[in-house]
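Novice: Sequence:
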Amino acid sequence: MYSKVVNLKSILTYQGLSSGYSFRGKIKHVHNGGVRVIQLKDFNDNYTSIGNDCYLIDSDTVKSKYYLKTGDILFTSKGTNNFALVFESIDDIPTIASSALFVVKVDETLANPNFVAWYINQSKVQNYFKSNEAGTYTKSISKSILEEVPIALPSLDLQTKIATIASLYNREQTLSNQIVALQHKLITTQLLNAI
Numbered sequence: 001m002y003s004k005v006v007n008l009k010s011i012l013t014y015q016g017l018s019s020g021y022s023f024r025g026k027i028k029h030v031h032n033g034g035v036r037v038i039q040l041k042d043f044n045d046n047y048t049s050i051g052n053d054c055y056l057i058d059s060d061t062v063k064s065k066y067y068l069k070t071g072d073i074l075f076t077s078k079g080t081n082n083f084a085l086v087f088e089s090i091d092d093i094p095t096i097a098s099s100a101l102f103v104v105k106v107d108e109t110l111a112n113p114n115f116v117a118w119y120i121n122q123s124k125v126q127n128y129f130k131s132n133e134a135g136t137y138t139k140s141i142s143k144s145i146l147e148e149v150p151i152a153l154p155s156l157d158l159q160t161k162i163a164t165i166a167s168l169y170n171r172e173q174t175l176s177n178q179i180v181a182l183q184h185k186l187i188t189t190q191l192l193n194a195i
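Quick note on my numbering: the sequence shown kicks off at 1 and runs consecutively.
Fair warning: there could be bad hints in the mix.
Said to hold, decoys possible - Per label pair, the in silico range of CB-to-CB distance: (1) H184 <-> S140: 35 to 41 angstroms; (2) A194 <-> R24: 19 to 25 angstroms; (3) A134 <-> A194: 54 to 60 angstroms; (4) T160 <-> A194: 24 to 30 angstroms.
Derived from the structure by calculation, the hints contain no laboratory data.
Bear in mind that the values here come from a model prediction, so they are computed numbers and not experimental data.
Where is the CB? At the ideal position from N, CA and C, for every residue including glycine.
Using the sequences and the hints given, assemble the complete structure.
Specialist: Put into structure tokens, the structure is as follows:
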């Protein structure tokens with residue numbers, strides 16, 4: 001199958017690539033806040049999903065231009081794990097990304113966001129990041145390095161098929177891990193009850 005190799009920046013929308021919202025100081029959870037904040041700590045299952053414990057903040061502190069849309073790719077730019085996942089809105093609460101994340105908006109007439117996120121997570125691209133990371137104590141990937149990521153881009157149809165299979169595989173892994181944890185809990189409980 002023929003795939004053309006392009007740089008990430010060539011498949012971005014006009015809004016392209018931006019840093020998440022930068023807070024002045026520590027993010028403080030507001031119980032009845034109107035905006036959800038995704039931070040690095042909120043990534044689950046080897047960076048394949050977002051947890052349910054995201055902080056909420058007052059809605060009047062953030063402009064709507066920072067609100068995420070379904071299909072936006074969240075990229076962990078700071079730390080040793082530089083992975084991507086596609087944001088999917090789960091309710092009506094506006095959601096933003098913290099500044100430790102880049103928000104990547106691909107032109108969906110050129111590329112499937114789920115495919116692009118999957119491709120970014122593959123070892124070839126991860127090795128590219130490792131060889132281009134900056135920082136001594138806290139490693140990070142710059143915006144310019146991310147924009148230059150080479151991506152092998154097959155047809156949109158094949159991108160969708162690959163993204164679907166990858167998503168099903170991730171779901172299978174998550175369920176398998178949950179089964180193992182439940183089996184461990186069951187056996188431990190039974191053994192303790194036998195005493």
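Novice: Evaluate each hint against the coordinates.
Specialist: Verification of the hints:
One distance hint, 35 to 41 angstroms for the beta-carbon pair H184 and S140, holds here, with the actual separation near 36 angstroms. Checked against the hint of 19 to 25 angstroms, the C-beta distance between A194 and R24 comes to roughly 56 angstroms, which is inconsistent with it. The supplied range of 54 to 60 angstroms is met by A134 and A194, whose beta-carbon atoms lie about 55 angstroms from each other. The given range of 24 to 30 angstroms is broken by T160 and A194, whose C-beta atoms sit roughly 51 angstroms from each other.
Violated hints for the displayed structure, listed by number in ascending order: 2, 4.
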